[in-house]
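Peer 1: Here is what each chain is made of, one letter per residue.
Protein chains: 2
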Amino acid sequence: MKRVSIKDVAREAGVSTATVSYVLNRHPGESISAETTQRVLEAAARLNYVPNLNARSLSSRHTNLIGVLIPQTEPGKAFVFSNPFYGELLSAIEYTARENGYHLLLSGTREDQNYASIAQNRGVDGIVIVGTYPGENLDALRTIGVPVVLVDSYVTDSAFHTIGIRDREGARMATQYLIEKGHRDIAFVSGSIRENGVNSKRYQGYCEAMQAAGLPVRQDALYLGTVSHEFGQQAADMYVQRGAKQTAAFVTADILAMGFAKGLMERGVSIPKDISIVGFDDVYLAQMCYPSLTTVHQDIAQKGKLAVQCILDALENPNAGRMEHILPLTLTERDSVEERSAGEC
Amino acid sequence: MKRVSIKDVAREAGVSTATVSYVLNRHPGESISAETTQRVLEAAARLNYVPNLNARSLSSRHTNLIGVLIPQTEPGKAFVFSNPFYGELLSAIEYTARENGYHLLLSGTREDQNYASIAQNRGVDGIVIVGTYPGENLDALRTIGVPVVLVDSYVTDSAFHTIGIRDREGARMATQYLIEKGHRDIAFVSGSIRENGVNSKRYQGYCEAMQAAGLPVRQDALYLGTVSHEFGQQAADMYVQRGAKQTAAFVTADILAMGFAKGLMERGVSIPKDISIVGFDDVYLAQMCYPSLTTVHQDIAQKGKLAVQCILDALENPNAGRMEHILPLTLTERDSVEERSAGEC
DNA sequence: TTGAAAGCGCTAACAG
DNA sequence: CTGTTAGCGCTTTCAA
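Chain order of the listed sequences is A and B.
Numbering of the first sequence is given in my numbering, commencing with residue 17 and proceeding in unit increments.
Numbering of the second sequence is given in my numbering, commencing with residue 17 and proceeding in unit increments.
Derived from the structure by calculation, the hints contain no laboratory data.
Just so you know, not all the hints are guaranteed correct.
When chains are identical, the list treats them as one kind, so a pair holds in a single copy or across two.
As the list claims (entries may be wrong) - Below are the DSBU-like pairs computed for lysine-lysine, each with C-alpha atoms no more than 35 Å apart in a straight line:
(1) Lys289 with Lys197
(2) Lys289 with Lys261
(3) Lys23 with Lys261
(4) Lys289 with Lys321
(5) Lys23 with Lys289
(6) Lys261 with Lys321
(7) Lys261 with Lys197
(8) Lys23 with Lys321
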């Protein structure tokens with residue numbers, strides 16, 4: 017049960033602990049005789065030696081640990097992953113990290129915790145933060161001296177790398193598409209709009225497309241709540257209650273779009289016959305639901321992969337400066353949109 | 017940029033490092049004068065001190081880290097979380113851990129890696145492993161001296177705690193339900209059946225229910241592949257190709273059931289009119305898809321919560337012996353099943 | 001090519 | 001009530 021340490025290996029092999037450390041790490045340009053190497057390796061194997069990375073990090077100042085902070089979207093809500101977007105992203109992050117010899121330290125975050133301290137506590141080598149807003153307390157992060165990459169955040173700070181998409185253009189693309197399909201009265205369904213948040217950008221894009229087409233942005237076409245399936249259903253309820261007449265909706269998240277669609281269908285509104293829907297994200301669910309969702313596609317896995325690679329690059333090349341990745345967006349057509357000829361209503 | 021250590025705090029407060037450590041940890045039954053406590057706390061705050069948990073763990077022999085190992089279901093496939101079951105489970109685990117002052121070390125696992133070494137590397141205080149099979153190399157885990165809890169595994173080893181459900185009975189319940197609804201010819205759609213795996217138990221349950229009703233288990237009613245949405249669609253394709261005549265299907269995972277349903281609907285088979293479907297898990301998707309899924313409900317969040325609590329208990333009470341939690345299963349009726357009167361076919 | 005020794009930051013006896 | 005001190009397991013000068 018007693019952990020075998022480098023000391024035990026050293027004794028077993030009849031060498032010093034330093035030597036063991038040398039052969040185990042084999043820095044370039046170091047030289048240990050083949051024979052000693054052999055002896056040490058055998059001893060380690062015989063003793064079933066497993067290095068203690070915590071101890072290593074204490075002297076080597078790196079942990080091979082990447083901290084992943086995911087916001088607890090709704091305060092008090094345990095379930096961060098009700099939006100599959102996070103699951104998909106995390107998968108990619110984990111996979112890429114592991115392939116490169118890193119492990120993940122995963123933590124949700126409550127508003128009252130500051131991101132920096134958990135990172136410092138554990139001495140992570142890099143940090144991935146998903147979806148923070150400007151104004152959240154990120155200052156401390158700047159000073160802890162490890163690369164930080166912000167995914168889907170409009171915080172602009174020369175200290176942080178970013179991975180993102182053009183939310184505004186994606187939204188414009190989606191809305192435009194609906195307009196091209198002959199829709200004039202288009203709802204905007206979204207999580208709450210917070211300044212410089214992803215949703216506010218998407219709202220801008222929606223407005224731009226409407227205005228460009230000479231269409232009014234009506235207050236009563238806005239359905240704002242939380243990014244959740246539940247709110248999607250509530251929005252559907254409101255739509256029906258109000259006797260709303262929008263023939264299409266741009267919904268800023270697939271999960272929300274699915275809730276909206278479900279709620280509508282349950283109330284006898286048919287999709288896309290009565291109302292067309294375009295979502296955003298293209299989570300894998302979008303093709304699994306019924307009707308499958310026409311949506312703004314982004315490469316979620318790539319996002320996660322890049323986030324990790326960004327950190328690895330920064331680690332390798334500490335003064336390369338800030339990196340900024342913008343991933344492309346496309347529109348994936350499925351079954352939730354129907355063309356509306358001019359006369360119809 | 018230089019990290020401030022306990023030493024700096026000690027100097028600033030004019031006390032020894034031990035004292036600082038004492039006030040910071042405040043063990044029960046220790047006593048430090050209010051004044052010193054005050055001084056130390058102020059010094060720490062002034063210096064912006066953040067403890068280094070790695071260093072702490074080196075001397076205290078615990079890390080406040082729980083290792084979570086999730087199988088990479090399909091070899092080479094990056095995307096562990098295509099099954100939302102894992103996302104939901106992980107959410108609960110993360111939340112419970114964090115509420116108790118633990119962080120999560122997350123790692124997927126490839127077949128060739130042994131679970132024990134990563135745990136030892138990082139010195140985690142406990143390990144949660146999701147869905148391993150007997151025969152996978154778990155021996156090393158037995159000897160590393162930290163509590164291990166197996167979630168959804170039929171490995172029986174007195175060294176490991178377990179959290180699970182009665183898969184066989186759940187499957188029996190589902191199949192029986194279909195039989196009660198008047199179905200005689202019932203398909204079994206599932207991931208591959210591996211000895212003592214979850215799916216094999218569910219298969220047993222299916223067989224039992226069929227036999228108890230005097231119904232034959234036909235080879236051609238078995239659709240076996242992987243637990244994925246894709247395979248669900250393939251199974252649907254096979255169903256249609258074969259001109260199969262089953263009027264119902266028990267599908268061993270919701271994600272699979274959704275793929276199956278989608279594939280069928282695309283091929284003009286209507287659900288539940290032409291074929292009824294019962295799933296398993298009750299992931300949140302099950303109520304979001306269309307038609308919503310009648311399924312065997314299990315409390316996934318509770319599973320994750322218990323897994324963590326199990327570890328905490330074991331840590332607190334090291335020789336309390338092996339714990340085994342079996343969570344209840346119920347059948348949740350939604351829209352994917354239709355009664356079939358005797359004469360119909 | 002190898003070893004001795006000084007830490008990394010913190011905890012935990014043991015003294016005082 | 002507080003300080004001294006000896007590690008925890010490992011890396012890394014510096015010498016030999």
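Peer 1: Work down the list of hints and note, for each, if the structure agrees.
Peer 2: Results for each hint:
1. Lys289 with Lys197: both (13 Å within a copy, 33 Å between copies)
2. Lys289 with Lys261: both (13 Å within a copy, 32 Å between copies)
3. Lys23 with Lys261: Neither. Shortest intra-copy (76 Å) and inter-copy (68 Å) distances fail the 35 Å Cα cut-off.
4. Lys289 with Lys321: neither (39 Å within a copy, 43 Å between copies)
5. Lys23 with Lys289: neither (73 Å within a copy, 70 Å between copies)
6. Lys261 with Lys321: neither (42 Å within a copy, 45 Å between copies)
7. Lys261 with Lys197: within (16 Å within a copy, 41 Å between copies)
8. Lys23 with Lys321: This pair counts as neither: shortest intra-copy Cα distance 38 Å, inter-copy 39 Å.
In this structure, the hints that do not hold are numbers 3, 4, 5, 6, 8, in rising order.
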